[in-house]
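With chain A's structure known, arrange chain B on it following the hints.
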Amino acid sequence: MLFIVGASLIALVIVLPTLSSNAQILALLVILTSILAIFVNIYILYKDISKKHIVHKKFRLLPCHRGISFLGKEFILCFRCLGFYIGTLFWGILTNMDYRMWVDFLELVGMVPYIALLIAVILTVPIHGAWLRSHPSENRKQNILRSIVGFVFSTSLWLICGIIIYFAR
Amino acid sequence: MKKSGKNMDPTTKSIVVGILLVLVSAFIGGIGIAVAILNPFGKVLSLTFAVGLIGTAIICWGWACFARKELYE
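For the record, the sequence lines run as chains A and B.
Here my numbering is used: the first residue of the first sequence is 1, the next is one more, and so on.
Here my numbering is used: the first residue of the second sequence is 1001, the next is one more, and so on.
Next up, chain A with everything else stripped away, as it sits in the complex:
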């Protein structure tokens, strides 16, 4: 990911002057996001190297601790991740049918309620995580709640995408 984002960033800086003014603004946002992504990737890589010394485990793309196994032993998804990936796929299919649905929704509810909804959706995972720390258990109801929280959080990606499309179109 580090290589892909880095190479794309260099290519974008080269083609930046040739873009239209609207695309240039979006390009600046993407450049800043890519720099953030590069820093996050380096941090994760650094922590992954130090993790190997601590827990002596190989790097896994989806480092869930427990949950249902998927496509063999290496891919173990917890219930929250399951909800997140199913949600992402679900919204992806819906958005593929008509990507203007997010812009229409934004115009329908207005900018302030939309951003309030976005913040609420993003905060579901930290709030649920904090609640789980005080109520740790592994029963079925909590696993369903984990999946629902993951599903709700996956909406945040598409809501952010809707704002970008609204301003960039």
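By construction, these hints were calculated from the structure, which means they are not laboratory data.
Positions of the beta carbon are idealized from the N, C-alpha and C atoms, including for glycine.
Wrong hints could be hidden among the right ones.
[To be verified] Chain A is faced by these chain B residues, among others (derived, beta-carbon under 8 Å):
{"hint": "1", "residue": "1018"}
{"hint": "2", "residue": "1019"}
{"hint": "3", "residue": "1022"}
{"hint": "4", "residue": "1023"}
{"hint": "5", "residue": "1028"}
{"hint": "6", "residue": "1034"}
{"hint": "7", "residue": "1035"}
{"hint": "8", "residue": "1038"}
{"hint": "9", "residue": "1051"}
{"hint": "10", "residue": "1053"}
{"hint": "11", "residue": "1060"}
Showing chain B alone in chain A's frame:
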């Protein structure tokens, strides 16, 4: 008392890093999807950006759970 990054205990640090990774995941993923849909820089470059950013978002999401206190002890 104000707590800086070095003064935080491992549990607090793991919580802060976890929350930050979740927020960053949503932000980077959202922009990655928008780039994939809008194709503002041509198909190839936009798609490469989208793959890189969405992949980073997925890695951030996975690591938000893994940011445990053992990593900071």
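| query | Quick one, is the residue 1023 (chain B) hint okay against chain A at 8 Å, beta carbons? | reply | holds, 6 Å
| task | Double-check residue 1028 (chain B) for me: the hint is only fine if its C-beta lies closer than 8 Å to a C-beta in chain A. | result | holds, 5 Å
| request: Let me know if the C-beta of residue 1053 (chain B) comes in closer than 8 Å to any C-beta of chain A, holds or violated. | output: With a closest approach of 6 Å, the residue 1053 (chain B) hint holds.
| said: Holds or violated: the hint that residue 1051 (chain B) contacts chain A, with Cβ atoms closer than 8 Å. | reply: holds, 6 Å
| Proposed interface contact between residue 1038 (chain B) and chain A, which counts if any beta carbon pair is under 8 Å | holds, 6 Å
| request: Under 8 Å, Cβ to Cβ, is where residue 1019 (chain B) needs to be relative to chain A, so tell me if that hint holds or is violated. | output: The hint holds - residue 1019 (chain B) has a Cβ within 8 Å of chain A, the shortest such distance being about 5 Å.
| Against chain A, is residue 1022 (chain B) within 8 Å by beta-carbon distance? | holds, 5 Å
| said: Quick check on residue 1034 (chain B) please, does its C-beta sit within 8 Å of some C-beta on chain A? | reply: holds, 4 Å
| message | Is the interface hint satisfied for residue 1060 (chain B)? The criterion is a beta-carbon contact with chain A at less than 8 Å. | response | Constraint on residue 1060 (chain B) satisfied, holds at 6 Å.
| request: Would you settle whether the hint for residue 1018 (chain B) is holds or violated, based on the nearest Cβ-Cβ distance to chain A being less than 8 Å? | output: holds, 7 Å
| task | May I ask you to test the interface hint for residue 1035 (chain B) with respect to chain A, counting a Cβ-Cβ separation under 8 Å as satisfied? | result | Holds. Min distance 6 Å.
Violated hints for the displayed structure: none, as all numbered hints are satisfied.
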